[in-house]
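Here the protein sequences come in this chain order: A and B.
Residues in the first sequence are numbered consecutively from 1, following this note's numbering.
Residues in the second sequence are numbered consecutively from 291, following this note's numbering.
Be aware that a few hints might be false.
Said to hold, decoys possible - Anything over 10 Å on all C-beta distances counts as not near chain A; from chain B, calculated: (1) E409; (2) A434; (3) K544.
What the hints assert, rightly or not - Under 10 Å between C-beta atoms, here's a sample of chain A residues computed to sit facing chain B: (4) M1; (5) V121; (6) A122; (7) A126.
Just so you know, the hints here were simulated from the structure itself, not pulled from any lab data.
Even glycine gets a Cβ: it sits at the ideal position worked out from N, Cα and C.
Here's the letter readout for the chains.
There are 2 protein chains.
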Amino acid sequence: MNFFAQYALYERMINEALAALPWGEDRLCRCMTYSLLDGGKRLRPVLALAAAALTGGSPAAIVVPACGLELIHTYSLIHDDLPCMDDDDTRRGRPASHIVFGEAAAVLTGDALLTLGLELVARPPAGIPLERSLQAVALVTAAAGWRGMVGGQMLDTDEPPARPDLAWLEHMQSLKTGALFVAAAELGAVLAGAAAGELEALRAYARALGAAFQIKDDILDVEGESAVLGKPAGSDAKGAKPTYPAVLGLKAAKAALGRKTEAAAAALAGWGEKGEFLRALAAWAAEREK
Amino acid sequence: MNFFAQYALYERMINEALAALPWGEDRLCRCMTYSLLDGGKRLRPVLALAAAALTGGSPAAIVVPACGLELIHTYSLIHDDLPCMDDDDTRRGRPASHIVFGEAAAVLTGDALLTLGLELVARPPAGIPLERSLQAVALVTAAAGWRGMVGGQMLDTDEPPARPDLAWLEHMQSLKTGALFVAAAELGAVLAGAAAGELEALRAYARALGAAFQIKDDILDVEGESAVLGKPAGSDAKGAKPTYPAVLGLKAAKAALGRKTEAAAAALAGWGEKGEFLRALAAWAAEREK
Chain A
1 MNFFAQYALY ERMINEALAA LPWGEDRLCR CMTYSLLDGG KRLRPVLALA AAALTGGSPA
61 AIVVPACGLE LIHTYSLIHD DLPCMDDDDT RRGRPASHIV FGEAAAVLTG DALLTLGLEL
121 VARPPAGIPL ERSLQAVALV TAAAGWRGMV GGQMLDTDEP PARPDLAWLE HMQSLKTGAL
181 FVAAAELGAV LAGAAAGELE ALRAYARALG AAFQIKDDIL DVEGESAVLG KPAGSDAKGA
241 KPTYPAVLGL KAAKAALGRK TEAAAAALAG WGEKGEFLRA LAAWAAEREK
Chain B
291 MNFFAQYALY ERMINEALAA LPWGEDRLCR CMTYSLLDGG KRLRPVLALA AAALTGGSPA
351 AIVVPACGLE LIHTYSLIHD DLPCMDDDDT RRGRPASHIV FGEAAAVLTG DALLTLGLEL
411 VARPPAGIPL ERSLQAVALV TAAAGWRGMV GGQMLDTDEP PARPDLAWLE HMQSLKTGAL
471 FVAAAELGAV LAGAAAGELE ALRAYARALG AAFQIKDDIL DVEGESAVLG KPAGSDAKGA
531 KPTYPAVLGL KAAKAALGRK TEAAAAALAG WGEKGEFLRA LAAWAAEREK
């Protein structure tokens, strides 16, 4: 199966599992589904499913805990978009949660998605030893929390340096976006019972993929078109956000993107042909137009 | 040991475990410890330790997961105090998190405390079967999330009815504050390996305790003194919040408090003398002055 067909298959499994959660008709559920079921890329759960497949596990068996990652990612977007944070009005081509439902509801929607996301991560899949689910909770909470995603957002939002350099930017991004990519690969591999060496290689891959993804995001914000992106292009420069193009210049940012994509592929070398999907995923992350 | 000595012992165990978490010197850690290590009552983890003791477990063994409840409670206070929510400037006698650190930091501090809180709940205590820790995560996430605490806060903050009646108020409070009380008792009992009947009795106890605690909070807001409360008295009436005194009148609210305290004691009947600490806890919840 080629890359896009495989991606679409994983995406359908994920979207079906997300839609099958026991949503109600109340306002909180409407807020949660507005942001969650809006057609994001599902990159983090896809990465988890692919990591499980690569290390001998069954993607279908772990789709629920993998979906937990998407809830956690979505919560982080909702809170990042708040007026007191990045103050973004548009997300994935539609008005942001706080624009549609108000700030209080957006804060609570994020809280609810984070809590439910971790509940899903902790739900033990049939036939998989329970200690693997506890490991999954430990690694996802570590990646999402104070020393991971929230810590990175704190660096980025609360008191960014006046003149961020590359070291600061890489550190911030490794926390803010990188940690959850790594956790996604780890979650799939851990639930599949991967060997320590496989886990280490997948971590290296996901670190490089996460960096490539972020650099490309920053480049698209400079070069992309708002209509394709689903959010206003140029918004980083407007907010004077520290980005790879801002710190390195556009040309050097593109070179860095190439190096990260190569590093991602190199981490997969041990798998040979079997690593093709994840290799193509890294190439796609670097070439995509939105 | 009398009630207050036992409470102080539990409280010291909890405060020591909270202080022993690997706090750093960074700004996010300062925000987290400002709100967490400020001398709250530690009621939820105390309840968990007492439930474990009552059902044959070791309180010392489960102090870390019990502390997770305090982090989750603290996150909920920080988010509730935000300008877009209850807009409270004072908490536990000190400026609220968003006043000291700003709104963005307060949102992220809450996010970090929730994430770390669930990480602690999931940390398997030595000698306790792993499936009990997964059960603990399941019950705490259910109590804290969309169909529990966050759902209750959504009802209370986002679109409260113009004229709330008692049924609405009891429903909202059972979610907003009751669910985490019940989860605390369950967490202690589940980790201790309690029998189903014990678990059911402790749930009934915690439901009544949580209701009594909330009714007393509402009464104190009418009758208490700001200096003793550590927050402005009368703040509920100022914000036209739906409370038991507002809905029932003060006299009927006090009668309801008495009934809830009796219900809590009744749920403990099967334990006889052994239930004394939790019986005294419910009596204290009804009689306290802050």
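Query raised in the report: In terms of Cβ atoms, is chain A entirely out of 10 Å range of E409 of chain B?
Result: 4 Å, violated
Query raised in the report: Would the stated hint for V121 of chain A survive a check requiring a Cβ distance to chain B of less than 10 Å?
Result: 9 Å, holds
**Report entry** Restraint check, 10 Å cut-off on beta carbons, for A126 of chain A near chain B
**Finding:** For A126 of chain A, the interface hint is violated, since the closest Cβ of chain B sits about 13 Å away, which is over 10 Å.
**Report entry** chain A versus A434 of chain B - minimum CB to CB distance exceeding 10 Å, so not interface
**Finding:** It is violated; A434 of chain B is separated from chain A by about 5 Å at its closest Cβ, not greater than 10 Å.
Query raised in the report: When the nearest CB of chain B is found for A122 of chain A, is that gap smaller than 10 Å?
Result: With a minimum Cβ separation of about 4 Å from chain B (threshold 10 Å), the hint on A122 of chain A holds.
Report task. Decide, holds or violated, for the assertion that all CB atoms of chain A are farther than 10 Å from the CB of K544 of chain B. Result -> 31 Å, holds
Query - Interface hint status, M1 of chain A versus chain B (Cβ within 10 Å) - result: 34 Å, violated
Comparing the model with each numbered hint stated earlier shows that hints 1, 2, 4, 7 do not hold.
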